[in-house]
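Participant: Protein chains in written order, with the numbering used here: chain A, 2 to 115; chain B, 11 to 125.
If you're looking for bench data, these hints aren't it; they were derived computationally from the structure. Predicted, not measured: the structure shown is a model, and the values here were computed from it. Built from N, CA and C at the ideal position, the CB exists for glycine as well. Hints may contain errors.
[Claimed, not checked] Here are some, though not all, of the chain B residues that point toward chain A, as calculated from beta-carbon distances under 7 Å:
(1) Pro-50
(2) Phe-56
(3) Lys-59
(4) Gly-63
(5) Pro-89
(6) Val-93
(7) Ser-94
(8) Phe-115
(9) Lys-117
[As the list claims (entries may be wrong)] Straight line, CA to CA, 27 Å or less: simulated DSSO-like cross-link-like pairs of lysine-lysine:
(10) B:Lys-79 to A:Lys-43
(11) A:Lys-84 to B:Lys-79
(12) B:Lys-117 to B:Lys-59
[What the hints assert, rightly or not] Have a look at the derived ranges for each label pair, beta carbon to beta carbon:
(13) B:Ala-11 to A:Leu-31: 19 to 29 Å
(14) A:Lys-43 to B:Asn-22: 26 to 36 Å
(15) B:Ile-124 to A:Thr-77: 39 to 49 Å
(16) A:Ser-28 to B:Asn-27: 18 to 28 Å
Listed below, chain by chain, are the residues.
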Amino acid sequence: EPEVTQTPSHQVTQMGQEVILRCVPISNHLYFYWYRQILGQKVEFLVSFYNNEISEKSEIFDDQFSVERPDGSNFTLKIRSTKLEDSAMYFCASGAESSYNEQFFGPGTRLTVL
Amino acid sequence: AQSVAQPEDQVNVAEGNPLTVKCTYSVSGNPYLFWYVQYPNRGLQFLLKYITGDNLVKGSYGFEAEFNKSQTSFHLKKPSALVSDSALYFCAVREGVSGNTPLVFGKGTRLSVIA
Numbered sequence: 002e003p004e005v006t007q008t009p010s011h012q013v014t015q016m017g018q019e020v021i022l023r024c025v026p027i028s029n030h031l032y033f034y035w036y037r038q039i040l041g042q043k044v045e046f047l048v049s050f051y052n053n054e055i056s057e058k059s060e061i062f063d064d065q066f067s068v069e070r071p072d073g074s075n076f077t078l079k080i081r082s083t084k085l086e087d088s089a090m091y092f093c094a095s096g097a098e099s100s101y102n103e104q105f106f107g108p109g110t111r112l113t114v115l
Numbered sequence: 011a012q013s014v015a016q017p018e019d020q021v022n023v024a025e026g027n028p029l030t031v032k033c034t035y036s037v038s039g040n041p042y043l044f045w046y047v048q049y050p051n052r053g054l055q056f057l058l059k060y061i062t063g064d065n066l067v068k069g070s071y072g073f074e075a076e077f078n079k080s081q082t083s084f085h086l087k088k089p090s091a092l093v094s095d096s097a098l099y100f101c102a103v104r105e106g107v108s109g110n111t112p113l114v115f116g117k118g119t120r121l122s123v124i125a
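Here chain A stands alone, though its shape is the one from the complex (with noise of 0.2 Å):
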């Protein structure tokens, strides 16, 4: 069964850092998103992103981040430099189609900030 995977599954970075956290979504699906969920809080989405474009962001999807689909394949959440509040679970998703779909989620990258 096909699945969404991430690399790395543990980053640990200084803070001021740059940190590109990599995602492999399933090979058809036309959607793209990468959610984060700080510890013992809730899923919080990010960013959408369609037809190379980002579709919507949330108000946490500061000048400080930034996704880019660079092939056919990879999908990266980039942040410029990491404050020590980015350290949360970072979850990708990918999606078929139509709003009536599920979206599938990855592993998710555990980025640690110190």
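Assemble the complex: chain A is given as a structure, and chain B must be docked to it using the hints.
Facilitator: Here is chain B on its own, set in the frame of chain A:
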């Protein structure tokens, strides 16, 4: 704005007993409702969804959920709980027909099934 409420942080149930995990929602249009489960150190796994049609939706691992429009609820149920059902359960809603529309999650309910 869309929102989801899961009023219980924790639900404890004995193995073999029926379980219910509660969820209520608020949207201005038609709701598309989802349940996801999260096992320790794992991502979110899709359980079931309600889009339209029959109010009782059946999903993976013997779970089902009942959509109640008048009560704006979408409670998750299972007739007989297993210890392996112990996990964190998230209810989510999305509104609108565009695939760009994000999921809005509740805060999650931790289900503990005791042998």
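Participant: If you take the shortest Cβ to Cβ gap from Ser-94 (chain B) to chain A, is it below 7 Å?
Facilitator: Violated. Min distance 19 Å.
Participant: Go through the hint on Pro-50 (chain B) and say holds or violated, using the shortest Cβ distance to chain A against 7 Å.
Facilitator: violated, 12 Å
Participant: Given Phe-56 (chain B) as an interface hint, is the shortest Cβ-Cβ distance to chain A below 7 Å?
Facilitator: Holds: closest Cβ of chain A sits about 5 Å from Phe-56 (chain B), inside 7 Å.
Participant: That 18 to 28 Å hint for Ser-28 (chain A) and Asn-27 (chain B) (C-beta), does it hold up?
Facilitator: violated, 42 Å
Participant: Is Lys-84 (chain A) within 27 Å of Lys-79 (chain B), Cα to Cα?
Facilitator: violated, 42 Å
Participant: Is the shortest C-beta separation between Gly-63 (chain B) and chain A less than 7 Å?
Facilitator: violated, 11 Å
Participant: When you check the alpha-carbon spacing of Lys-117 (chain B) and Lys-59 (chain B), does it fall within 27 Å?
Facilitator: Between Lys-117 (chain B) and Lys-59 (chain B) the Cα gap is close to 18 Å, so the pair holds against 27 Å.
Participant: Would you mind confirming whether the straight-line C-alpha gap from Lys-79 (chain B) to Lys-43 (chain A) stays at or under 27 Å?
Facilitator: This hinted pair holds, its Cα atoms lying about 24 Å apart.
Participant: Quick one: are Ile-124 (chain B) and Thr-77 (chain A) within 39 to 49 Å, going by C-beta?
Facilitator: holds, 42 Å
Participant: Could you check if Phe-115 (chain B) really has its C-beta closer than 7 Å to a C-beta on chain A?
Facilitator: holds, 4 Å
Participant: Hint Pro-89 (chain B) vs chain A: min CB-CB distance below 7 Å?
Facilitator: violated, 23 Å
Participant: The hint names Val-93 (chain B) as touching chain A; please verify it with the least Cβ-Cβ distance against 7 Å.
Facilitator: violated, 23 Å
Of the numbered hints listed earlier, those contradicted by the structure are 1, 4, 5, 6, 7, 11, 14, 16.
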